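These protein sequence lines are chains A and B, in that order.
So the first sequence is numbered by this note's numbering: it starts at 1 and just counts up by one.
So the second sequence is numbered by this note's numbering: it starts at 1 and just counts up by one.
What the hints contain is simulated information worked out from the structure, not anything from laboratory work.
Since the model is a prediction, treat every value here as computed from it, not as a measurement.
Beta carbons are placed, not taken as given, at the ideal position from N, Cα and C, and that holds for glycine.
Any given hint could turn out to be false.
[As the list claims (entries may be wrong)] Examples of chain A residues toward chain B, derived with CB under 8 angstroms:
| hint | residue |
| --- | --- |
| 1 | G211 |
| 2 | A220 |
| 3 | G222 |
| 4 | G229 |
| 5 | E234 |
| 6 | E288 |
| 7 | T293 |
| 8 | R300 |
| 9 | E304 |
| 10 | K318 |
| 11 | P322 |
| 12 | A325 |
| 13 | K328 |
| 14 | A356 |
| 15 | G403 |
| 16 | S404 |
[What the hints assert, rightly or not] In silico lysine-lysine, DSSO-like type, Cα no more than 30 angstroms apart, as pairs:
| hint | chain 1 | residue 1 | chain 2 | residue 2 |
| --- | --- | --- | --- | --- |
| 17 | B | K412 | A | K318 |
| 18 | B | K318 | A | K318 |
| 19 | A | K318 | B | K354 |
| 20 | A | K341 | B | K318 |
| 21 | A | K412 | B | K318 |
| 22 | B | K318 | A | K278 |
| 23 | A | K412 | A | K460 |
| 24 | B | K394 | B | K261 |
| 25 | A | K278 | B | K354 |
| 26 | B | K354 | A | K354 |
| 27 | A | K318 | B | K341 |
| 28 | B | K462 | B | K261 |
| 29 | B | K367 | A | K318 |
| 30 | B | K175 | B | K412 |
| 31 | B | K462 | B | K79 |
| 32 | A | K354 | B | K278 |
2 protein chains.
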Amino acid sequence: MMDSVLCWADKNRDQFLAGLKKWLSIPSISAQPDHRGDVAAAAEWLRDEARSIGMNAEVVPTAGHPVVLITTPEGLAPKGAPHILIYGHYDVQPPEPLELWESPPFVPTVRDGILYARGAVDDKGQVHCHLSALTAWKQINGGFPCRISMIIEGEEEVGSPNFMSVVNARKDFFKTAKTLIISDTSIYSRDVPTLTYGLRGLVGTEMVLHGANTDLHSGAYGGTVANSGHALCEMVARLHDPQGRVTVPGFYDDVIPLTEKERQMWKQLPYSDEQFAKDLGVTELFGEVGYTTLERKYGRPTLEINGITCGYQGPGNKTVLPNRASCKITCRLVPGQDAEKIMDRLQEYLRRIKPAGVTMEFTYRTKGSPSCLTPLESPAMEAAGEAMKLAFGKMPVFKREGGSIPVPAWFKESLNIDSVLIGFGLPDDRIHAPNEKFELCQYYAGIKACAALYALLAEKLK
Amino acid sequence: MMDSVLCWADKNRDQFLAGLKKWLSIPSISAQPDHRGDVAAAAEWLRDEARSIGMNAEVVPTAGHPVVLITTPEGLAPKGAPHILIYGHYDVQPPEPLELWESPPFVPTVRDGILYARGAVDDKGQVHCHLSALTAWKQINGGFPCRISMIIEGEEEVGSPNFMSVVNARKDFFKTAKTLIISDTSIYSRDVPTLTYGLRGLVGTEMVLHGANTDLHSGAYGGTVANSGHALCEMVARLHDPQGRVTVPGFYDDVIPLTEKERQMWKQLPYSDEQFAKDLGVTELFGEVGYTTLERKYGRPTLEINGITCGYQGPGNKTVLPNRASCKITCRLVPGQDAEKIMDRLQEYLRRIKPAGVTMEFTYRTKGSPSCLTPLESPAMEAAGEAMKLAFGKMPVFKREGGSIPVPAWFKESLNIDSVLIGFGLPDDRIHAPNEKFELCQYYAGIKACAALYALLAEKLK
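Can you make the complete structure from the sequences, with help from the hints?
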């Protein structure tokens, strides 16, 4: 049966592509209030497409943009088939700067086998892989191997502020899901199909130092009172040791160490420090000793200054002794680390190393987003691995990502559901940038991977 | 003779004050192009007043605002009398924020014996002390005890960009001057008349660090390449030791040490660290060990960060790994130090301590302004001391200032003329701020001090 489905999917590529192009032509830019109607239209388009293949589908309003919820009606999945949940988003990043696009961002255009449009790969194109796979199953089989639900939001690009309220309002429904499938990442490289099994978490704060009650004249006061800028630099300089390790006490205490298996897997990825440095325009790389670049990026926690503001920043010199200096700090977290605990330790350490003569405050701390790690040996991950092999011709490599997507952690936290990150994009797809693309061979392989995945999950999760 | 002059000056206070109020009502704001006509009018007012007491006076045009040059005609000074030069400025700072003024800045108003107006003390009021003193001498004596020249510029508040071109064009004339008198400072406190015999110099630069060729995503890249913000903080943290000493090699090599006499003099000034800290709103002071606060401020060189810019500075968090960080640095210099040499050493040191992974550039370095130090034992300084005693009833204290006024150093450099800084303002006169004031008792005492000074200089410099 699966073979017939994959075969039909292959034969009907043009039909799928035509549908995707229609969806991509709707400028569903969640960040721009002028496009509120377009965002709604993109949600309705998806609802109608889902209904056309017999799914239940509704546009669920939120305080912001709506969520599209698609579920499998009684009779379209075998009795007792596992419930699997697919997450994605139909909103897109703003397309600006427009002048850098070779074809207009909302006029989807194929050149040399590559589809160009805003949202082509992030994330309409990848959601559409699932929709196409479902279409093929419905066509050939009259129904689906699992009970499939899709929850596709319209605010991912603006931080998903209302997403979990929709999930939590239907907690009883969602908690029957056995796994969460997300197709919103890329494979490692063109020839290296990949599954992502871990993401780093994130937590941030802003530290502000105050010196005198006003900016002072550096002539009349220089040498007599603490300079907030000096104090800030002294503190920041004490956040890392010369070997690139974070010096906050206890920072690494709860880190689950990388396994030998992971380190070996990543060593086999085609990667070169020289090329990486060249691409970034630096003469040397820098980071925590004892780990390779990929290990540092995928599996080690970091503490980064994201911005510093102090004193006069205009042209030329101004002889001011700044009374205020601030810096934004974020930490990327890895499995084992608790965001709240790390932030407590960081703030405690900063309080301790604060130099004399200045006072300190934290103007905010973000709600931490935990890291996520899906067990490599889980049935869902095995199913995903086999699905990728069927679609891309070889077994995928298992990698983590350095970035943070909050949804997997939220589902883990709220419903104890693990996620499988099965993405089909390429690292150079220019997401969030002009000329975003989705290569058609990736799109078509993605459809096959999705179609295969449903059957494999039905088998492994039963 | 001098007694009669001082007596006449005392009796004609109202006439002087009326003149000053007229001058102060002209909004000669050099920084604001809309006030170009007012600046010119203030120059012409001064020229006309000088002519009315028989002086030669001209408005000398420059590339910016004009300079008023006032000289003593043949016959109005004794043959062979010393030539003394008075420097000042008739331009004023912008008055904003206007809503904080209790009476309008250009409607000079006396309340409780205090004159309020923009420019009241900085510097029209203090220039007017000299003009009034000359008026008194002319009235009683028909002429002046010295050959007096005044050079009063209209761009002091914008950095005096065109001043020295006027001086240099008349070098032969100016170089006959025996001393430069400047009344643009304040006395130490109400009961402590003061002469300023030293100013710190100034030199500055901006250091920019570059990391990768673009800002990077802190998730995708955090932990793999140098963060320009960390690098900058590490460098700045290495510019001082924990005892507040500048660590740039050779920074203190050429410093002329404070003499025991100076340290003793300053110890006798009414001063309290507790009050100073309280006024600034800090719980503790900070600076180079081994020196009192006043010694650090008057007589020790400093290195201060004036501003830092790096990465994201808007509201909330942005998970960027900043590829650019910059900071502005200025050094206050003391006698003995050469601005160019200090800047060379600073830049050399920064090049040496630059961490791996970033490149560095200096976007500019300012033309250094040297410090100045007038010998305490010079005849001009003695004359000024006696003049202050006659006007204020006790011998002045000799202090230095932490700030920098370039004119004395320029005259020293270009014409080898020492300066006497004889000012009559009070430290709380709110120069550059709303409700600038000149207390009338200071104004009248200033007129007497100037009148006495001319006679004393004629005697000591002959």
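Can you name, in rising order, the numbers of the hints this structure does not satisfy? Structure breaks no hint.
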